[in-house]
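First to last, the protein sequences are chains Z and X. Going by this note's numbering, 1087 is the number at position 473 of the first sequence; the sequence numbering is gapless. Going by this note's numbering, 824 is the number at position 202 of the second sequence; the sequence numbering is gapless.
Incorrect hints may appear among the rest.
So, partial list: chain Z residues that the calculated Cβ filter (under 7 Å) puts toward chain X [as the list claims (entries may be wrong)]:
id, residue
1, L708
2, L711
3, A783
4, G794
5, L810
6, L825
7, A829
8, A831
9, F1076
10, G1077
11, A1078
12, N1080
If you are wondering where the hints come from, they were derived from the structure by calculation, not from laboratory data. We treat Cβ as the ideally placed atom computed from N, Cα and C, and that holds for glycine.
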Amino acid sequence: MTSLWLLAIPTPSATPIPVFGSGVIGFSFLLSTIVWAPVAWALVLATVPNPRGRYDRFFYGSSFWVTLGVLGLAFFGYIQFQAFTVGPQFEEKLPWLPAYGITYHLGADGVSTLVLLANGIVTLAAILASSGIRTRVREYYVLLLLAEAAVNGLVCARDLFVLTLFWAAATVPLVLLVTGWGVQPVRRRAAGLRLLGYWGAGSLVLLLAVLLLAATAGGNTFDLDYLGKAGLASRVQVVVGILVVIAAGSRLALWPLHGWAREILAEAPAGIAILVAGAGMRSGGYLLFRLLDASLHDGTRLLAPILAMLAGATAIWCGLAALRTRDVRILGAYLAVVPGCVTVLGAAGVTPLSLDGAAYSLFGGAVAAALVVGACAVVAERALTRDLGLLGGLAGRLPRLSWLLVLAGVGVIGMPLTGTFVAELLVFFGSFKISFIGAFATAAGLLVAGAAVARMLQRILFGAPNPDAPAATDVPLTETWALALLAGTLIYLGVVPGGPKVAGIPFLDPGAINVVNASVADLASTYAPPAPPVGGG
Amino acid sequence: MTTLVLAPEALLVATGGATLLMSGRFRARTRARVQRWGPRAVVAALLAALGLELWLGAQVGTLFAGGFAQDRFALFAKAAVLLALAAGVAAADWDLERLPGWLPAALLGGFGAMVAASSTDLFAVWAGAALGIAAAASTLGAVRPVAVAGALLMLVALCLAYLHATAGGSSLDLARSALGEAPATLPLALPLLIGLGGLAALLVLAPLGFGTTAEASPFGRGVAAGVGAAGAGVALLKVGGVLAGAATAWAPGLAAGAAGLVLLGGLGAVVAPRPRTTISLLAASQLGWVVAAVATHEQAGLGAGLFLLGSTVVAAVAATTLLRDLDGEGALAGLGAREPGRAAALVVAALSLAAVPPLGGFFGVFLVSSSLAGAGFWWALTLALLGSLLAAAGAARIAFAAFLLEEEDTRAPARAPSTRVLPSTFTGAAAVAVTLVLIGYSLFANPISGLAYQAASALLTGH
Chain Z
615 MTSLWLLAIP
625 TPSATPIPVF
635 GSGVIGFSFL
645 LSTIVWAPVA
655 WALVLATVPN
665 PRGRYDRFFY
675 GSSFWVTLGV
685 LGLAFFGYIQ
695 FQAFTVGPQF
705 EEKLPWLPAY
715 GITYHLGADG
725 VSTLVLLANG
735 IVTLAAILAS
745 SGIRTRVREY
755 YVLLLLAEAA
765 VNGLVCARDL
775 FVLTLFWAAA
785 TVPLVLLVTG
795 WGVQPVRRRA
805 AGLRLLGYWG
815 AGSLVLLLAV
825 LLLAATAGGN
835 TFDLDYLGKA
845 GLASRVQVVV
855 GILVVIAAGS
865 RLALWPLHGW
875 AREILAEAPA
885 GIAILVAGAG
895 MRSGGYLLFR
905 LLDASLHDGT
915 RLLAPILAML
925 AGATAIWCGL
935 AALRTRDVRI
945 LGAYLAVVPG
955 CVTVLGAAGV
965 TPLSLDGAAY
975 SLFGGAVAAA
985 LVVGACAVVA
995 ERALTRDLGL
1005 LGGLAGRLPR
1015 LSWLLVLAGV
1025 GVIGMPLTGT
1035 FVAELLVFFG
1045 SFKISFIGAF
1055 ATAAGLLVAG
1065 AAVARMLQRI
1075 LFGAPNPDAP
1085 AATDVPLTET
1095 WALALLAGTL
1105 IYLGVVPGGP
1115 KVAGIPFLDP
1125 GAINVVNASV
1135 ADLASTYAPP
1145 APPVGGG
Chain X
623 MTTLVLAPEA
633 LLVATGGATL
643 LMSGRFRART
653 RARVQRWGPR
663 AVVAALLAAL
673 GLELWLGAQV
683 GTLFAGGFAQ
693 DRFALFAKAA
703 VLLALAAGVA
713 AADWDLERLP
723 GWLPAALLGG
733 FGAMVAASST
743 DLFAVWAGAA
753 LGIAAAASTL
763 GAVRPVAVAG
773 ALLMLVALCL
783 AYLHATAGGS
793 SLDLARSALG
803 EAPATLPLAL
813 PLLIGLGGLA
823 ALLVLAPLGF
833 GTTAEASPFG
843 RGVAAGVGAA
853 GAGVALLKVG
863 GVLAGAATAW
873 APGLAAGAAG
883 LVLLGGLGAV
893 VAPRPRTTIS
903 LLAASQLGWV
913 VAAVATHEQA
923 GLGAGLFLLG
933 STVVAAVAAT
943 TLLRDLDGEG
953 ALAGLGAREP
963 GRAAALVVAA
973 LSLAAVPPLG
983 GFFGVFLVSS
993 SLAGAGFWWA
1003 LTLALLGSLL
1013 AAAGAARIAF
1023 AAFLLEEEDT
1033 RAPARAPSTR
1043 VLPSTFTGAA
1053 AVAVTLVLIG
1063 YSLFANPISG
1073 LAYQAASALL
1083 TGH
């Protein structure tokens, strides 16, 4: 079985096969459009008159279509990606603050392309899951679109100033979303401030890392292409690396920076929880990939064991916490942290295989985490209780939601036929030799999380309904679509990681793993062990 | 052409004089017209002066036998002052303010700051800044701010006198060359540090003054915060640029003070009980970054400081004036629904003061941070960034209260203690214009920061 999955990873050949559907449109400002279109529409929504909430549905509908359009552009970028070209593609480079060495430099490699696609899907699901929002609708969708733009911006950034700007900018709309629309009015303000504290501190630490990197590299530039090849001293790389790990850890909720995750993911409404788990948290993993693995090779090698241990400790801690809790939303919140641990372990593995897996888990993990928090939020909302002790027998009453909850559970722990399984397979095979203890601990964490999932499914879905439980109400179609979109993506990633083929030619989809492979092969060459001497001379 | 460069200053003084006429006795009908059109005419005059400054100000030259110089620094600083004044007058609710009220004092203060920006002599810089600060402090209508400002100005004057004696003259060029290679001895370091520290204290006290003064009108508070800070900031940057040669004597001390200011300002903004105090502490915290920029004593840092000063001054004037009489816990509740333009301008200004991306304050703070890192002040940078993080939490409170807090969520009075429910078309449009100005400052960060960078070169080299 394992060898079958490993066969899914194609070997790069010198003669690429063009994907059917690629080259349909030529677009000079693809990335800028992906980043700024939501901002432009947010500004329009912010200024449209809305007497007595008359246009509330328009805000919802238009946000949906704009996000769908952005997802469409991200998909075009994905199928047009030239998998055999080294370096970023769709580049846009304009001098921004030339006196200070800052350029408006956007670009996407295979990993960025995949993360953009994941962000689009997750945001679309978040909007679908937000159809029930009835208060301050305009403000809600304005902030949602701004958050989407910020996350897309940091993924496309090739200049560290631009990256820091979008990284910090993503905090503000998400904090206001949690503060304004949190489930429990008494706790949402504190939850928002806590998120601001963790993510704000992470932004501060990232800013320090960026400044240290730029100051020591010289050259009066923040361009990643230059800084990534600056050849800094190992000591500097370790310091910058530690700062990057802290910044990324604040988003990924790595132990001990996990304090915000439970409160936010468990208290926010479904739409916000999906966005935070699927897009916001994944940006931490992306940062590790972009700044640590791609730019600080010596630092990464030295920090890898610590990083792997952090991944393991977080996975075990979250698995145990999920096993212990009686609250279905808190359970979902802890489970949503687990895919991030796989990403971190893969980033710490520093082998081509583990880096492939880490990049793939940025997509699969994003979808799985968003699905599990979304499904748990919908269950709690529809069953009118969050108490696992009161929930029971929902499989018969809410069959569609039950299936989606099962998929969420198996997806988050990485069962076969899901995208997370492919990622985990690559990560564990790639990192077991290098970071044995970290890999073992992460695997143990996954096992405990699996036990928590089994307990959750047994309690919620099966058995007789609890007579003391409130009556469950049916799930609206939009919420089902939101979860189904995520579940479908997760299964698609697991079933055809190499993309569908018709008569041996990729059809519409070049395959997520191929797109990732192209960029990782270039990046991982730095970490590849030296070839054994031929002839024993 | 040479004397035409002073047209903006002349227009400012003439407008200030004209506003005095508004205090005359008029018939009721005329009085209503003056009340309606007077502030609009002032805004138009200020915008005309700004346009003249940007058109004519690019003429680099020395006027009046070396007494005044029109360089990039003067151009930038004077444009920032005029923009801040225009934003303040436009954002004020002139149905609630008396006319002429503090308009003449505000314009006089702006004139003082412009004089300080153009001066090539230590004492002319001091005199311009003193005029700006004194006029701004007087708008608070209280004795204490004027007394504190006076005491600090005297301290600064003493240190400048010491500098005059050391350099053998009061010309900025003379001081620059005399201190260019001066060893960092304690007798030199102490007065320089006290002088620069005094200017830094004046800079930060400008916004803090209005936060603690309840007697002043909203426009008066805005002028005190913005114009006072502009006067002190211009003088600080100018003197700091001149003393760059002897920076080893004062830079670490000033960096420490700056970091403390940012940190304390941010901490205060988080715990401040009233929006007015929060805004004042946010402004004070960001002005601490301007002080830190002076401590870097190199072109990029000073340029970033000037860029940030412009952004801070405009945002502080706008936020303070737009806040008007809203005060107390929950007073901002429902503002976003009642007056969306005003709420948006207020929130954008507060977020910019807290250096929240992607507004002008963030650009300025990032550029200053980069220079601080380059200068090796990592400890000051870390503390200051922590202060900015706290400031962001303070600004988030303002944003939350204005847009997300419903009126029924609070027991506080639902509305401002004003009799009018909705603003006039002019104040509504002005609020939107102020929002656009604040956003435009970040959108056009490239030409603005480039100009500030050139201005810093003029500061360091004298031409």
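Run the structure past the numbered hints and jot down the numbers of the failing ones, going up. 1, 8, 9, 10, 11, 12
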